[in-house]
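K.L.:
Produce the complete structure using the sequences and hints provided.
The primary structure of each chain is shown beneath.
Number of protein chains: 2
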Amino acid sequence: MRIKLFTLLLIMSVSGYARNEDSVKIRAIANEILLHGKAYENLRVLTKQIGARLTGSPQTYKAEAWGQKALQQAGADRVITQSCLVPHWIRGGKEEAWIVGKKNQPLDILALGNSMGTGAKGIQAPVLLVNSFEELEQKKASVKGKIVFYNYKFNDTYVRTFEAYRDAVGYRAQGPGQAARYGAVGVLIRSMSHAADNNPHTGSTRYNDSFPKIPAAALGLQDADRLAALLEKEPATVFLKTNGKMLPDTVAHNIIGEITGSEFPEQIITVGGHLDSWDPAEGAHDDGSGCVQSIEVIRVLKAIGYKPKRTIRAVLFANEENGLRGGSKYAEEARTKKEKHIFALESDAGGFTPRGFGVTMSPELLNKLRSWLPLLEPYGITEISNGGGGSDIGPLNRELGTPLAGLQPDSQRYFDIHHARSDVFETVNKRELELGAVSMAALIYLVDKYGL
Amino acid sequence: MRIKLFTLLLIMSVSGYARNEDSVKIRAIANEILLHGKAYENLRVLTKQIGARLTGSPQTYKAEAWGQKALQQAGADRVITQSCLVPHWIRGGKEEAWIVGKKNQPLDILALGNSMGTGAKGIQAPVLLVNSFEELEQKKASVKGKIVFYNYKFNDTYVRTFEAYRDAVGYRAQGPGQAARYGAVGVLIRSMSHAADNNPHTGSTRYNDSFPKIPAAALGLQDADRLAALLEKEPATVFLKTNGKMLPDTVAHNIIGEITGSEFPEQIITVGGHLDSWDPAEGAHDDGSGCVQSIEVIRVLKAIGYKPKRTIRAVLFANEENGLRGGSKYAEEARTKKEKHIFALESDAGGFTPRGFGVTMSPELLNKLRSWLPLLEPYGITEISNGGGGSDIGPLNRELGTPLAGLQPDSQRYFDIHHARSDVFETVNKRELELGAVSMAALIYLVDKYGL
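Line order of the protein sequences matches chains Z and A. Mapping to numbering that gives the first Met the number 0: the first sequence position 410 is 409, numbers consecutive. Mapping to numbering that gives the first Met the number 0: the second sequence position 332 is 331, numbers consecutive.
Take the hints with a grain of salt, since some may be wrong.
What the hints assert, rightly or not - Footprint (simulated), chain Z over chain A, 3 or more residues, beta carbon under 8 Å:
hint	region
1	24 to 34
2	375 to 386
3	403 to 414
4	428 to 440
Unchecked claim - Using 25 Å as the maximum straight-line C-alpha spacing, the simulated DSS-like pairs for lysine-lysine come out as follows:
hint	chain 1	residue 1	chain 2	residue 2
5	A	K152	Z	K37
6	A	K339	A	K306
7	A	K37	Z	K152
Said to hold, decoys possible - Computed footprint of chain A on chain Z, listed as stretches where at least three residues anywhere in the stretch have a Cβ under 8 Å from a Cβ of chain A:
hint	region
8	377 to 391
9	417 to 431
Honestly, the hints are just simulated from the structure, not real lab data. Please read these numbers as outputs of a predicted model, since none were measured by experiment. For every residue, glycine included, the Cβ atom is placed at its ideal position computed from N, Cα and C.
P.N.:
As structure tokens, this is what we get:
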């Protein structure tokens, strides 16, 4: 009995000691980032000096060069690139739309990503308002020759705004394909947003190859409300001119900065974000933030003198927005080279104040992560929940079974700016961005130390 | 034994039923606010049509009239006012400062609230840099005739930014008094902020009546860094002109909207914010947000048809910023009229996304509130911690022992805008403001239903 008690006390004391050591290490991570962080300045350069970086645009390659340099400056032992073929969509010039009348009423639009343009003369057609796919089905006999206007509302009662996005995004992704099936000549969608302003929000659409690739554009909420109110009263015709075009595939690169593990170099831990962004803004939250936070993880581990046992990779993924080719390539190489990926973490939900991690892993691993919550809570992480990860690391899980986590920042402001002109550097708060990096670095440190 | 088990099951079932009923009621509160909330539009009117409302300014009375109307429109059974004598400080016109040189280098300043001006000609004096009160003591022999520049830094390693504020605010509050003791002719302080911009942050100071009331002003962080860097190299002289003046006390009012309790009307539950603000901005977060959220609590309870058992009062307090006379008056009346105040809640930490409540109450009551956490968590409240309340409700606790709570929104952005020109409507996010109101209304509902 006395021996058992002694053993128990020893275990408790060792575990308490380890906990305390971790707490001190994470405090060092936080102090380094909050006092000497480079994430905010890196983001300023990426957004203000390079700007929008739609896959295939000249800025793609400027951003790749910037990323390599930033990772070297952060102290990566080596920086490598992985090339992949990527789709090359271009917006193709000035877009215009208006409600036709004695006095035309302009509509502020953004063509959906991957959508085909109207041709130089534009199109003009009566508008059919539908509030849902069900209503489209009911009205399918009236669709031919029309511009279908999907006015499906973002559900503001979802406190976690990504639930509202998941609920609504089908109208952007499948709306044009569904409308084309019934003979529509174009599509307008209400933006996936609850912003108080009138900015349209773009994002990729996916045609149904059996039907014509009709033009499609997003409206801001004020214009959507105005057009819907008009259509409730009387028929309306809209003129639409967009210029989208798919060029031949081109090449882009994942940019990877690595700290080689000291004990288990073959075990790889990935932390990343995506380097591409939509073209109308600076991609500050989506996903410049995730990129600079991932670089910061490398920088802070070096800066505090932590030597990881396992190999830590910060990855700036190519082409998340309209192809996911970077993430697919990363998993493909991992499989081909028989790499051992023990964990991947993505930040692609904005550079806002951190609140939790969402994970895709076994219940046992989830519990292991949850046992670390007391170490993360002082930095704002109050929840580790089942479900989550990130688009770019998804293929790692699907192909290799790698456990995933995604940073979950506060989501209230994200869909104000997501894929809209307003996703600019000025909307990112330095400390919120930094605290996200703190939580990410702390989790990477714990996974490295204890394994998964 | 069987009877005991039966009783236990009955209790569990009733408690489960009550929990479920509460959950449904709080969901109704959230839906009403997120779909039909008036807080954001109320805030727009208060900030954009009325604007800054320093105690005693003409806007004080416009804001009071607005508040009465807004509470009536929210459905208050009655709206009453409480008048109190308030200090009447005025900034008194254009302020100027520069580092004297061949080419003067301008400094962007804001005189501290309640500070006395320099006189029409301004003052010009060598600057003594001190980084702390300890350094002032060490250098006290050199203070006479100087402008003392307190360059105490906001501690960015505090994740909860109010801790950094509490740590630093003494330099604003007591700095001028301490410097005057040793013969200083003026004071400059580094603003209590970690903002990346150069906005100075004002706030009240309190002189030591035994010494001269010397002029005092705040510098933004960029100017503070520039001046400190210069002083590390060489002596510098600064010109300072401020125009602050204390006029005779005047009258302002607490604005109170009430729903009379149906069962225990004598038991009063208070929810409030303060109506006054500093003069350079719109007082959007500080504390327009708390005012419109408190009004929203009244509105939503009426809108969902909830009839409180106890009397609920939304209070827009007068003169928090430079006198606290409104809060003092409210407690004084409560004591004089022998009112029974069972609970008071304040929102005065910004209209940001809610994270918790901080409370001042017995451990038993704290535990009672914590037992409600599962009902509040879906709306972002993950913590109820010991310590907190609000300046305006503080006197209720000190004089009557009333249990207090304060809404604790995410604090990362607060000191970017606190008491600075940047505290404007545009920095408030509609959903964050609304979720704060949801949490407040939910807590008031629970306190009303179960008592404290």
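K.L.:
Taking 8 Å as the C-beta cutoff, is the stated coverage of the region 377 to 391 of chain Z by chain A satisfied by three or more residues?
P.N.:
holds (count 5)
K.L.:
For the pair supplied as a hint, K339 of chain A and K306 of chain A, is the alpha-carbon distance within the 25 Å limit?
P.N.:
The hint holds at about 19 Å.
K.L.:
Under a C-beta cut-off of less than 8 Å, do 3 or more residues of the region 428 to 440 of chain A approach chain Z closely enough to confirm the stated coverage?
P.N.:
Contact hint for the region 428 to 440 of chain A vs chain Z: holds, 5 residues under 8 Å.
K.L.:
When I compare C-beta atoms, does the region 417 to 431 of chain Z have three or more residues closer than 8 Å to chain A?
P.N.:
It holds: at least three residues are needed, and the region 417 to 431 of chain Z offers 4 whose Cβ sits within less than 8 Å of chain A.
K.L.:
With a cut-off of 8 Å between beta carbons, are at least three residues of the region 403 to 414 of chain A near chain Z?
P.N.:
holds (count 3)
K.L.:
Is it true that the CA of K37 of chain A sits at most 25 Å from the CA of K152 of chain Z?
P.N.:
Holds, at about 20 Å.
K.L.:
Are at least 3 residues of the region 375 to 386 of chain A within less than 8 Å of chain Z when you compare beta carbons?
P.N.:
holds (count 5)
K.L.:
With a cut-off of 25 Å on the C-alpha distance, tell me whether K152 of chain A and K37 of chain Z pass.
P.N.:
Roughly 20 Å separates the two Cα atoms, so the pair holds.
K.L.:
Please count how many residues of the region 24 to 34 of chain A have a CB within 8 Å of a CB from chain Z and say whether that reaches 3.
P.N.:
holds (count 4)
The structure agrees with every numbered hint stated previously.
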